[in-house]
Each structure stands twice: as C-alpha cells, then as structure tokens.
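J.: Each chain, letter by letter, is given below.
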Amino acid sequence: MAEIIELSGEQKGEQLSCACVFGGMSDFESVPVDRRVMVIGGGITGITSAIDLGNAGYQVLLVERLPSVGGRMLQLSETFPTLDCAQCTLTPRTVESGQHPKVTLKTSCEVEALTGEPGNFTIRVRQKKTYVDWNKCTGCGTCIQKCPSNGIAMFERDAGKMTAIYTLSPQAVPNKPVIDAERCRYLTRGKCGVCAKVCPVGAIDYEQQESFFEVQVGAIIVATGFDIYDWKKKMPEFGGGEIPDVIDGLTFERYLSASGPSAGAMVRPSDGKTPKEIVFIQCVGSRNPEFHKSYCSRVCCMYTAKHARLYKHKVHDGQVYIFYIDIRSTGKGYEQFIQQSVAEEELIYIRGRAARLYREGDKVIVQGADTLSGRKIEIAADLVVLAAAMVPNEGAQELAEILGLQSNKDGFFIEENYKLSPVESGRPGIYLAGCCLGAKDIADSAAQGSAASSKAQVFLSSVRRNKQQEAV
Amino acid sequence: MKYSYFPGCTLYTKAKKLDDAGRECSRKLGFELDELPDWTCCGATFPLTNDYHIAMSGPTRILADTKDRGDNKLVTLCSVCFNVLKRTNNVMRNDEERRSKITDFIERQYHGEVDVLHYLQVLRDEIGFKVLQDTVVKPLAGLKVACYYGCLLLRPVKEIALDAMENPTIFEDFVRALGGEPVPFPYRIECCGAFQTVHSMTTATRCSRDILRNASGNGADLVITTCPLCQFNLDDRQAEIVQSDAAFKTIPVVYFTQLLAIALDLPAEDLGFERNLIDPLPLLRDKGLVS
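So the protein sequences, as listed, match chains C and D.
Using our numbering, the first residue of the first sequence is number 47, and each one after it goes up by one.
Using our numbering, the first residue of the second sequence is number 52, and each one after it goes up by one.
No lab work stands behind these hints, which were simulated from the structure alone.
Keep in mind that the hints are not guaranteed to be accurate.
To be verified - In silico DSSO-like links for lysine-lysine, alpha-carbon gap of 27 Å or less:
1) D:LYS209 - C:LYS279
2) C:LYS422 - D:LYS209
3) C:LYS278 - D:LYS124
4) C:LYS192 - C:LYS182
5) D:LYS65 - D:LYS53
6) D:LYS124 - D:LYS181
7) C:LYS243 - C:LYS207
8) C:LYS148 - C:LYS174
9) C:LYS207 - C:LYS237
10) D:LYS209 - C:LYS280
11) C:LYS237 - C:LYS192
12) C:LYS455 - D:LYS209
13) C:LYS486 - C:LYS280
14) C:LYS279 - C:LYS409
15) D:LYS300 - C:LYS409
16) C:LYS422 - D:LYS300
17) C:LYS486 - C:LYS465
18) C:LYS280 - C:LYS174
19) C:LYS409 - D:LYS209
Note that the structure is predicted; figures quoted are calculated from it, not measured.
Please model the entire structure based on the sequences and the hints provided.
T.: In structure tokens:
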C-alpha cells in the first residue's frame, strides 16, 4: 500500500499533509493499486469518467487545477438542442462527484510527474496554494461577502468581477473558497486581512505553502478539455480585443447565464445597454488553414443558433444576423433545432465571412460578404459575438510531455485509432476523453468519458487476472 | 549610406512629386538614392497573373543589375514596384525551377541576393524612427493624419513581410516620428478601386468615397499614401464625389514623402502640390507648417 509522501521538507511540522487538509485520501489509499484510477480534469468528461468508475467499485482520484469541478460547462447558460440549464444538468453530477464514497476530489492540483508502469503508476501531484485551510473552513461564505477587492475574473471572462477570495460559482463543489494571490490586497500590499478577521474558524492562512504528494494508481484518464482561440491577439481584423462590444461566445454565455455577472439580463459590455442589432460570426479562427486553425470546431453552428434564440427570448424586438460558411448540425435533434430557430426567431443567416470590425460611435461596424448574392455587406451592430475556435486547454502540452502522450500540430492529443480505439492513448493504462482529443460537444464528451472509464476497467481487470494467474 | 534606387515609370511622370520629395529627404536624412541606370518597367501587376515567367524577366533583370553593380539593397518608393520586385525576388530566392527557367531565358545569373526595401522600411529599419524624429525640423504638431496603406504595401503578407496585414503600424509610427497625430482609420487597408478606375470609374469613385469619408469622419486633416495609384484614385475621384454628394467634405491626399519634406522644412514650392486636385497648401498654411 502506498504512503502519502510529504515532499515540501522545509514546512515539515507546520504544514499538514494534503490528506489531512482535504480528508478522504485515507479511503483512497486503503485499496489495492490496481483498483485505483486517477482522472485528470474535472469537467463534464472527467466527472462522468469518475462517477462511472466509482459506481463500478473503483477508487477514483479526480484531479482538477481550478478550485472546484464543473469545467467549461459550468460557464454555460443553457445547452443545445434542448435549451436546458447547464447548471441544472451539471450540478447533480458535480455534487455526486463530491459526495461519491469512491471518488476523492483533489482541486487546485496539477500533475507534476509520472513514473512506474501500466497498472502501477506513481504520480506526483502539486497542491497549489489556496491560502484557506479547507479542513477548518465550513464554507459559510462570510469572507467572500466582506472581501473589499474586486477585479477581473477569469471565470467570468471579463464580463464581470469577482472578489479576491472566491468560489467559482454559488454551487461550487467543493464549496470552499480560495484566494487569488494576484488580486488579494493582503498578499500584494500587506494590508487588509479582512477575510482572516471575519473567518469564524480561523481558516485563512496567508502563509500557506504549496505542497506535493504522490499517489499510486493502476490507470489514468486524461480529460483536460479546451480553451477558446486567442482571437484577441491573433485576429486584429476583429478589433484585437480593443472593441468592448466584440466578445466571444463563451463570454456571451456569461451574459446569458442567470448566475452570470448581469444575472441573465441582456446587456452589452460598453455601456450596459440592451443590444438591438446583434451579429454572430461563425468559424472565427476555425476552418482557416492559411492563418489560423484548419479544423471545424464542431459546436459553433449549434451554439450560435442557441445564442440567437436565447437572445431573442430576452430581446423580442432584437434583430439577429449570423455569418456562416455552412451549417453543420449533425447531432440528434440538431438540424431540427436550427430549422426551428430560423423559423421562429426570424434569424438572418448570411452565407459568408465577416472581414473586419471597427467602432463608429457606439456601433460596431461589421464589414462582410454575402457570398450567395455576391454582395458586400455592412451592418451597424450593437454587439458582435465571435464563435471562436476551440483549442486545447493551456498546459496540455506540458501534460503530454509528463505522461508521454502524442499530440497533433494543433496541440490536441492523438488517440490510438480514431475509429476503433478512440479513447486509448497508445500507452497502456492511459486513456483520453473529451475535448483534449479535439473539439466536440457535451454529448460526445460525456460519451467519451464513459468510454474511457470502461476501457480503464477492462485494463485493470486484465491486470488483476494476470496477477492471479501469476500467483497460481 | 548609398542604396540602389528604382523609381519606376509613374515616379517620372504623374507621381514625380513622390520621387522628388523622396530624394530630397534622403539627402537630409543622410542617405543617398542612387538610381539604377537603364532601368526598365517593373512588370506592374503582370507577374501576379497565371503565366508569369515571361513577365518576371523584367523585374529579374532589374534585380540582377542591382547585384551586378555590387549592391545588395534596392529601394523603391512605389507600392506597386515594391510588391512586384519583392515577390519576384522571393521566387528567385526560393523556387529553383522557376529561377532556372527565367535566368536561362534572360541569360543572367541571379539567385535572389538583393534585398528589396520600401523607403518606409529604410526609415524604420535602417535610419530608425528615433533618428528621424530627432532630424525633424518642423514637427507636424496638431496635424491629424489618416495613414492609408492600400493593399500592395502589405499583401500577401507572407511574401511582403513588411508589417502586420490586418493591424499595421509602420505608417502611424512614421507620422508620430514627424510629430503628427495619426487618427484611428478603419478603412486604411480597404481597396481604393485600383485599376477599376480605368473601366468602371463609378466603382473606383465609390471605393474612394468610402475611404475618404471614413478618414474625415475620424477627424483627419489629410490622407497620406505610398502608392501612385491610390493617390490618383483618392485625390482625383473627389471631383466626381462632390458632384454626386454636395455635402462631401474634400480632403487633401498627399504622398508620405511630401509630408516628410514638410517636416524636414524643405521648400513647399518644390513639392509639386500644384498637381494635387485638392490643394493641401491652405491646410498646411493654416497649421503653420508652410508660409
């Protein structure tokens, strides 16, 4: 049985081991190695893998680098093609992953190194500083209410602000806060300390150090997800991020979301007015082999139609224009969703690309082409939403090096065989799922999460069988 | 510093002011434009068509002449010449098959040894905008300038590699070095109508009108350009624009070398402003830049 190894030697004595800080590790450590799996990435894919494995009786360590699980889906408002609330469908899963007797969450953690062999991997994990002793914290939220620092929040994608001590959402799992060291007044300027004063249990620990621990697992599932193409840096023709009323689709999700910064009110960033003319541009950075990404990001056609519909539900007299190349709606019920959107919401689909965006007064001028009529088009929009390409999440390349995974020129991991071994990495015992393999929607991601968990179980069963045969 | 210089046809005729001012300013800035003897047509746009081997023989000869006189840099002022020479040079440098075809035909040896530079590049990369700023005698204080790039100075970006295609800054940096104020100008890389001016003047007029309206709308006092064709369209088409739109506010369109000459305090009467349809002199007098 593996020991939890506390590696940060200089903090010995004062620093509690991670197992003690977070609890739950002792359960994990008490089962044989080949009944344990590590899932890297706590989005819908990783959560699905973890719960499936847990239900099958395997002990799971779910490692997430953010302070809580849920991933990108937590940022979404409603999901296609059913328009059900993303949080309502996701939250039962995140809660289950947090309460599952077989699943141990390790948030604010990143994988540092891998040794050992399939069936008996040793993984070194870095526990990042949270500045909050979660063992003491009751999750009462007083610190968040009293925190005087308010600033840019990565999770809100510039759409709203967050306090320096925060949880990612009101339904965060685990629902315990962390401190953003870059925005914390005490940690940057040495003055403030409000959260420490108001915390009823003394859980704030400004001196907390990062620590490391090692675990042994039989198999690994990688589900590190995606990010949005850096259009602000790479596409100056769309204003390079300088035009406030040009935002990407994920940011628009935050505006649409009832738990977002505008509490679901349809406003635009520059002046908080309700946009009446709104332009959506698809394939921003996708399907552009000469300068950007050559692949199709697969979800943009659908989520743009969804955005348009949700917008019309909020702004009945608004007009929607959508620039598209062609509509790719290949999932179950997807084409019907598109047709219904066009028919019911009077969306104007313009077949062509937008060439340039610029600001004129309080309008954003969209210059583009209608390639069906062969005409140049100019629209004075109140808000422009870019369906920017999906790219691998930050850090995927480093993880590929640590785990010995192959990735393609765009940084997506390569599966053993796209058709017949779609979740195998080519390294026995390591499985891949979700958007770290390539752009896909929630349905496909969850399916791959389950597929990867199933493949991991098959692998671990065969390991045990071999051991038993050796013993005989 | 001495550079081989290729003026091109227009700079001897319609765009003489671009050439004159460019040469005068270079002397002030401490470099010399040494005109290639017996230069021929750059090929204009012909190398951009499908069968361009024959059309690249002219520009290749020009480049080989530069090499044979012992120079490794060739400077141009005209955007079209720059585009054609630079792209031909890329072919000669990188495409062995086409290179041998062309060099066999013109019976010269040339492998792309020369660097083709635009005058603006010389100012930015060889002289330096900082030095330019220090050399300015009469800063263009209070002059709001719309920097019009057009197409050929920047595109295709992978071949031309002078500046970013969608968000270039060289022209604005140049104006700042002269003490002027570049205005935001979204239409700075839109098409001026180019050769449409020959067979569909209404198209060229419409293009020019949109560009100029955008410049004026953003508060520009005048427009600068590097390209004789852009200057021609943007300036001369204003005659038609005012006929169809009485509210149109005319705006002078000058070459960047003319503006450079003003900032270096060269005599305005030598700058050929009388050739402009919209005379920039009243504006320049108003701003106290010429007497």
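J.: Compare the distance between the alpha carbons of LYS243 of chain C and LYS207 of chain C with 27 Å, and conclude whether the hinted pair is satisfied.
T.: holds (23 Å)
J.: Verify the proposed pairing of LYS422 of chain C with LYS209 of chain D, using a straight-line Cα cut of 27 Å.
T.: Within the cut-off at roughly 26 Å; holds.
J.: Verify the proposed pairing of LYS280 of chain C with LYS174 of chain C, using a straight-line Cα cut of 27 Å.
T.: violated (31 Å)
J.: Given the hinted pair LYS209 of chain D and LYS280 of chain C, is their Cα-Cα distance within 27 Å?
T.: holds (15 Å)
J.: Would you check the hint for LYS207 of chain C and LYS237 of chain C, treating anything up to 27 Å between C-alpha atoms as holding?
T.: holds (21 Å)
J.: Given the hinted pair LYS422 of chain C and LYS300 of chain D, is their alpha-carbon gap at most 27 Å?
T.: Holds, at roughly 25 Å.
J.: For the pair supplied as a hint, LYS148 of chain C and LYS174 of chain C, is the alpha-carbon distance within the 27 Å limit?
T.: holds (23 Å)
J.: Has the given pair, LYS455 of chain C with LYS209 of chain D, been kept, meaning a C-alpha gap of at most 27 Å?
T.: Holds, at about 20 Å.
J.: Starting from LYS278 of chain C, check that the Cα of LYS124 of chain D is at most 27 Å away, please.
T.: The hint is violated at about 36 Å.
J.: Check the hint pairing LYS65 of chain D with LYS53 of chain D against an upper bound of 27 Å on the C-alpha distance.
T.: Roughly 26 Å between the alpha carbons, so the hint for LYS65 of chain D and LYS53 of chain D holds.
J.: Could you grab the alpha-carbon distance between LYS192 of chain C and LYS182 of chain C and see if it respects the 27 Å cut-off?
T.: Within the cut-off at roughly 19 Å; holds.
J.: Given the hint that LYS486 of chain C pairs with LYS280 of chain C, does the C-alpha gap stay at or below 27 Å?
T.: holds (23 Å)
The structure fails to meet hints 3, 18, 19 from the earlier list, while all remaining hints are met.
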